[in-house]
Amino acid sequence: MLEKALKGSPKYYMWIGFLLLIILGASGVYLMQLMQGLTITGMSRDVSWGFYIAQFTYLVGLAASGVMIVLPYYFHHYKQFKDLVIFGEFMAIGAVVMCLGFIVVDIGQPQRMLNVLLYPTPNSILFWDMVVLNGYLILNVVVGWTCLECDRQHLPHPKWSKTLAYVSIIWAFSIHTVTAFLYQGLPGRHYWLTAILAARFLASAFCSGPAILLLVIMLTQKVSTFKANAEGIATLAKIITYAMCVNVFFFLLEVFTAFYSGIPGHMHSIVYLFVGVHGHHELVPFMWTAAVLGIGSLCLLIPPKLRDNMKLLPWSLAILVIATWIDKGLGLLIGGFNPNPFEQITPYWPTGKELIVSAMIYAIGALVVTILFKVATEVKEETGASQKPAASVEA
Amino acid sequence: MNHTRRNFLKFAGLTAAGLCVASAGSIMAAGAGATEKVSEKALKAKRWAMVIDTKKVGTKEAIDVLAKACHAAHNVPDIPGKQNVKWLWADGFEQAFDQPNNFMDESLEKRQFALLCNHCTNASCVRVCPTQATYKRPDGIVAMDYHRCIGCRYCMAACPFGARSFNFMEPRLHLDLTKLNKEFPTRMRGVVEKCNFCVELLAQGKQPACVEASAGALVFGDLSDPASEVRKVLREHYTIRRKPALGTEPSVYYII
Ligand code: SF4
Ligand code: SF4
Numbered sequence: 407m408l409e410k411a412l413k414g415s416p417k418y419y420m421w422i423g424f425l426l427l428i429i430l431g432a433s434g435v436y437l438m439q440l441m442q443g444l445t446i447t448g449m450s451r452d453v454s455w456g457f458y459i460a461q462f463t464y465l466v467g468l469a470a471s472g473v474m475i476v477l478p479y480y481f482h483h484y485k486q487f488k489d490l491v492i493f494g495e496f497m498a499i500g501a502v503v504m505c506l507g508f509i510v511v512d513i514g515q516p517q518r519m520l521n522v523l524l525y526p527t528p529n530s531i532l533f534w535d536m537v538v539l540n541g542y543l544i545l546n547v548v549v550g551w552t553c554l555e556c557d558r559q560h561l562p563h564p565k566w567s568k569t570l571a572y573v574s575i576i577w578a579f580s581i582h583t584v585t586a587f588l589y590q591g592l593p594g595r596h597y598w599l600t601a602i603l604a605a606r607f608l609a610s611a612f613c614s615g616p617a618i619l620l621l622v623i624m625l626t627q628k629v630s631t632f633k634a635n636a637e638g639i640a641t642l643a644k645i646i647t648y649a650m651c652v653n654v655f656f657f658l659l660e661v662f663t664a665f666y667s668g669i670p671g672h673m674h675s676i677v678y679l680f681v682g683v684h685g686h687h688e689l690v691p692f693m694w695t696a697a698v699l700g701i702g703s704l705c706l707l708i709p710p711k712l713r714d715n716m717k718l719l720p721w722s723l724a725i726l727v728i729a730t731w732i733d734k735g736l737g738l739l740i741g742g743f744n745p746n747p748f749e750q751i752t753p754y755w756p757t758g759k760e761l762i763v764s765a766m767i768y769a770i771g772a773l774v775v776t777i778l779f780k781v782a783t784e785v786k787e788e789t790g791a792s793q794k795p796a797a798s799v800e801a
Numbered sequence: 005m006n007h008t009r010r011n012f013l014k015f016a017g018l019t020a021a022g023l024c025v026a027s028a029g030s031i032m033a034a035g036a037g038a039t040e041k042v043s044e045k046a047l048k049a050k051r052w053a054m055v056i057d058t059k060k061v062g063t064k065e066a067i068d069v070l071a072k073a074c075h076a077a078h079n080v081p082d083i084p085g086k087q088n089v090k091w092l093w094a095d096g097f098e099q100a101f102d103q104p105n106n107f108m109d110e111s112l113e114k115r116q117f118a119l120l121c122n123h124c125t126n127a128s129c130v131r132v133c134p135t136q137a138t139y140k141r142p143d144g145i146v147a148m149d150y151h152r153c154i155g156c157r158y159c160m161a162a163c164p165f166g167a168r169s170f171n172f173m174e175p176r177l178h179l180d181l182t183k184l185n186k187e188f189p190t191r192m193r194g195v196v197e198k199c200n201f202c203v204e205l206l207a208q209g210k211q212p213a214c215v216e217a218s219a220g221a222l223v224f225g226d227l228s229d230p231a232s233e234v235r236k237v238l239r240e241h242y243t244i245r246r247k248p249a250l251g252t253e254p255s256v257y258y259i260i
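Sequences listed follow chains A and B, in order. The numbering of the first sequence is the working numbering, which starts it at 407 and goes up by one. The numbering of the second sequence is the working numbering, which starts it at 5 and goes up by one.
It should be emphasised that the hints constitute simulated quantities derived from the structure, not laboratory data. Be aware that a few hints might be false.
What the hints assert, rightly or not - Here are the computed lysine to any residue pairs in the SDA-like style, where the Cα-Cα straight-line distance is at most 20 angstroms:
#: 1; chain 1: A; residue 1: Lys413; chain 2: A; residue 2: His672
#: 2; chain 1: B; residue 1: Lys247; chain 2: A; residue 2: Phe579
#: 3; chain 1: A; residue 1: Lys410; chain 2: A; residue 2: Thr641
#: 4; chain 1: B; residue 1: Lys59; chain 2: B; residue 2: Ile260
#: 5; chain 1: B; residue 1: Lys247; chain 2: A; residue 2: Thr600
#: 6; chain 1: B; residue 1: Lys86; chain 2: A; residue 2: Gln750
#: 7; chain 1: B; residue 1: Lys72; chain 2: B; residue 2: Phe188
#: 8; chain 1: B; residue 1: Lys114; chain 2: A; residue 2: Gln750
#: 9; chain 1: A; residue 1: Lys717; chain 2: A; residue 2: Ile777
#: 10; chain 1: A; residue 1: Lys717; chain 2: A; residue 2: Lys568
#: 11; chain 1: A; residue 1: Lys633; chain 2: A; residue 2: Gly514
#: 12; chain 1: A; residue 1: Lys568; chain 2: A; residue 2: Trp551
#: 13; chain 1: A; residue 1: Lys628; chain 2: A; residue 2: Gly448
#: 14; chain 1: B; residue 1: Lys247; chain 2: A; residue 2: Lys628
#: 15; chain 1: B; residue 1: Lys86; chain 2: A; residue 2: Val683
#: 16; chain 1: B; residue 1: Lys86; chain 2: A; residue 2: Cys553
#: 17; chain 1: B; residue 1: Lys86; chain 2: A; residue 2: Thr641
#: 18; chain 1: B; residue 1: Lys60; chain 2: B; residue 2: Phe188
#: 19; chain 1: B; residue 1: Lys86; chain 2: A; residue 2: Gly514
#: 20; chain 1: B; residue 1: Lys86; chain 2: A; residue 2: Lys568
#: 21; chain 1: B; residue 1: Lys247; chain 2: A; residue 2: Cys553
#: 22; chain 1: A; residue 1: Lys568; chain 2: A; residue 2: Thr583
#: 23; chain 1: A; residue 1: Lys488; chain 2: A; residue 2: Cys553
#: 24; chain 1: A; residue 1: Lys417; chain 2: A; residue 2: Val435
#: 25; chain 1: B; residue 1: Lys86; chain 2: A; residue 2: Gly448
#: 26; chain 1: B; residue 1: Lys247; chain 2: A; residue 2: Arg558
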């Protein structure tokens with residue numbers, strides 16, 4: 407089926423070429439990082455994880471979010487998601503590839519990475535994270551590819567693929583839970599040391615992930631003849647809305663616990679993020695942007711009239727994505743490391759080079775997603791499965 | 005340093021032999037036999053610990069002497085800025101102990117405290133390390149294998165005492181190569197490092213470098229031996245440890 411990715415319109419080639427150009431150009435900066443070390447990043451002794459690991463965390467959420475389509479389809483036989491399932495699975499593949507990429511660029515001695523396998527250490531959450539992420543990647547590749555191939559040949563899906571799909575649903579929850587455990591089991595990092603972190607991670611993943619997926623699907627509809635089922639899209643938007651409500655609720659629980667108890671350690675990070683301490687206000691504008699956009703997205707998503715307005719929906723989703731990204735892609739890491747163990751603030755900001763290397767990983771992910779979505783849409787077009795719902799949209 | 009590498013080759017073999025599920029502790033114990041062969045004079049203990057008399061060594065200048073001795077012995081580079089590497093350093097009461105006190109007596113308020121890795125009994129850095137590059141020795145010392153560390157920095161996030169440093173850049177660029185201690189390796193870029201309680205000196209029957217340089221202000225010994233010097237000082241003085249509420253059980257005590 408992969409050959410389908412080779413034939414495309416000039417626009418398609420231009421997009422692929424553009425991505426390859428970014429990857430190629432940015433890999434020069436990565437080479438520089440390999441030669442000089444992580445000193446080219448803004449990280450420091452106190453903020454020892456930065457933009458890379460934050461993107462990793464955010465993208466694990468994207469990877470897990472495919473389950474919001476796969477679960478209703480397999481567990482509740484919600485047929486309207488039939489055509490979307492494959493996109494959820496392929497998105498997950500792209501997301502996991504990016505996650506692994508961000509891990510590779512983050513570690514100081516990447517050529518020794520196999521040590522994690524050579525000396526398996528079950529008491530390390532990082533070991534488990536590697537296991538679940540790679541497992542999830544394999545599951546999605548196998549299930550997604552097999553089902554698509556069967557669709558193409560008008561064959562029923564094999565029984566085992568369904569079993570694997572069930573496994574991958576449970577697995578999806580595990581990848582983000584384990585990723586939260588990376589943080590929430592560390593003594594002395596108060597912002598992370600909270601039992602609700604894993605739940606918060608899942609909630610934010612289940613709104614932001616499907617939002618990104620929906621945006622990409624809308625784009626796919628623009629550039630191909632594929633038309634997604636309108637009712638399916640409306641349902642997904644509803645799921646996103648619920649998840650975002652839960653996400654905001656969980657955050658407010660955090661705020662209550664910290665400020666009603668008045669325990670300094672619990673309050674400090676939140677105060678640093680939203681008000682600033684010791685004259686450091688680096689993140690304040692970002693966090694308030696996130697807060698305003700987060701509430702704004704809810705205002706646009708909760709009323710059914712606004713949510714079902716397909717002209718407005720992409721915008722509502724986009725601001726939701728920005729809000730959740732600031733929360734998890736910036737605030738979570740920087741707020742977790744600040745105040746540092748000495749109750750001081752060490753500001754962190756990614757350097758240009760750090761951003762370029764990140765762009766490289768994002769471009770690799772976009773390439774994977776483009777190719778997989780191209781194959782999927784071609785197959786859907788070929789089998790005509792997707793054309794019928796298109797008629798019902800116009801009707 | 006060589007013997008530590010040999011230990012690792014040893015338990016690499018064990019791992020390959022299918023013992024990979026055995027707990028880290030028992031593997032370390034298997035490796036320990038080799039360490040003890042190193043020298044007849046080697047100092048041994050069940051649990052090494054340090055007591056720092058902050059009344060005797062309580063100024064930045066006095067602690068800098070200790071830091072210099074440590075950093076020279078271990079080829080610790082002097083890097084300006086936020087990406088620095090340090091094994092032993094000075095900081096104030098509030099920073100060290102997480103207990104702000106508005107009305108402290110003046111001498112304590114001005115006092116500086118020597119900070120270093122606590123060689124915690126329940127070390128969170130050991131718990132999180134995905135490669136066992138950071139590991140606990142049977143004598144309580146939390147040691148590191150710089151050749152195995154992948155530089156994931158998980159241990160830095162896990163240490164609540166800020167005891168760990170990462171080699172963001174080539175450390176040799178910031179070392180005076182003419183003054184290197186040939187007995188101890190320099191690190192490569194991309195790995196984490198921290199105080200090692202001078203395992204290499206203990207193996208030769210010597211006291212840690214900072215203890216040597218402290219003129220008696222630092223006492224080092226076996227916590228499990230009631231007759232040891234550390235136990236004696238602990239009996240005679242009021243001491244505290246850093247962040248006891250976190251349950252890591254530091255092995256470094258401070259006489260206040
Ligand atoms: S002080 Fe930090 S680095 Fe040292 S043993 Fe304890 S947790 Fe590990
Ligand atoms: S940076 Fe090295 S020592 Fe620290 S957790 Fe990772 S592999 Fe272990």
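For each hint, the structure was consulted:
1. Of the supplied pair hints, the one linking Lys413 (chain A) and His672 (chain A) is violated, its CA atoms being roughly 55 angstroms apart against a limit of 20 angstroms.
2. With a C-alpha separation of about 34 angstroms, the suggested pairing of Lys247 (chain B) with Phe579 (chain A) is violated against the 20 angstroms cut-off.
3. With a C-alpha separation of about 30 angstroms, the suggested pair Lys410 (chain A) and Thr641 (chain A) falls outside the 20 angstroms cut-off, and the hint is violated.
4. Distance hint between Lys59 (chain B) and Ile260 (chain B) is fulfilled; the C-alpha atoms sit about 7 angstroms from each other, no more than 20 angstroms.
5. Taking the CA atoms of Lys247 (chain B) and Thr600 (chain A), the gap is near 18 angstroms; set against the 20 angstroms cutoff, the hint holds.
6. For the hint pairing Lys86 (chain B) with Gln750 (chain A), the CA-to-CA distance comes to about 13 angstroms; that is within 20 angstroms, so the pair holds.
7. With a CA separation close to 15 angstroms, the supplied pair Lys72 (chain B) and Phe188 (chain B) stays within the 20 angstroms bound.
8. A distance of roughly 18 angstroms separates the Cα atoms of Lys114 (chain B) and Gln750 (chain A); the hinted pair therefore holds under the 20 angstroms criterion.
9. A threshold of 20 angstroms between alpha carbons decides the hint, and for Lys717 (chain A) with Ile777 (chain A) the separation of about 27 angstroms lies outside it, so the pair is violated.
10. Restraint check: the Cα-Cα separation between Lys717 (chain A) and Lys568 (chain A) comes to about 36 angstroms, which exceeds 20 angstroms; the hinted pair is violated.
11. Simply put, Lys633 (chain A) and Gly514 (chain A) have alpha-carbon atoms about 45 angstroms apart, too far for the 20 angstroms limit, and the pair is violated.
12. Between Lys568 (chain A) and Trp551 (chain A) the alpha-carbon distance is near 13 angstroms, which keeps this suggested pair within the 20 angstroms criterion.
13. Distance restraint check for Lys628 (chain A) and Gly448 (chain A): the Cα-Cα separation of roughly 39 angstroms exceeds the 20 angstroms cut-off, and the hinted pair is therefore not satisfied.
14. Only pairs whose Cα atoms come within 20 angstroms are accepted, and Lys247 (chain B) paired with Lys628 (chain A) is rejected, the gap being roughly 57 angstroms.
15. Of the supplied pair hints, the one linking Lys86 (chain B) and Val683 (chain A) holds, its CA atoms being roughly 19 angstroms apart against a limit of 20 angstroms.
16. About 51 angstroms separates the Cα atoms of Lys86 (chain B) and Cys553 (chain A), which puts this hinted pair outside 20 angstroms; it is violated.
17. Of the supplied pair hints, the one linking Lys86 (chain B) and Thr641 (chain A) is violated, its CA atoms being roughly 49 angstroms apart against a limit of 20 angstroms.
18. With a CA separation close to 29 angstroms, the supplied pair Lys60 (chain B) and Phe188 (chain B) exceeds the 20 angstroms bound.
19. Proposed proximity of Lys86 (chain B) and Gly514 (chain A) is supported: the alpha carbons are some 17 angstroms apart, at most 20 angstroms.
20. For the suggested pair Lys86 (chain B) and Lys568 (chain A), the alpha carbons sit about 52 angstroms apart, so the restraint of at most 20 angstroms is broken.
21. In summary, the hint linking Lys247 (chain B) to Cys553 (chain A) is not supported, as the alpha carbons are separated by about 54 angstroms, beyond the 20 angstroms threshold.
22. Note on Lys568 (chain A) and Thr583 (chain A): the hinted pairing is violated, with a Cα-Cα distance of about 23 angstroms set against a maximum of 20 angstroms.
23. At most 20 angstroms may separate the alpha-carbon atoms for a hinted pair to count; Lys488 (chain A) and Cys553 (chain A) meet this at roughly 11 angstroms.
24. Restraint check for Lys417 (chain A) and Val435 (chain A): the C-alpha separation of about 28 angstroms exceeds 20 angstroms, so the hint is violated.
25. With a CA separation close to 9 angstroms, the supplied pair Lys86 (chain B) and Gly448 (chain A) stays within the 20 angstroms bound.
26. Proposed proximity of Lys247 (chain B) and Arg558 (chain A) is contradicted: the alpha carbons are some 62 angstroms apart, above 20 angstroms.
Hint violations for this structure: numbers 1, 2, 3, 9, 10, 11, 13, 14, 16, 17, 18, 20, 21, 22, 24 and 26, all remaining hints satisfied.
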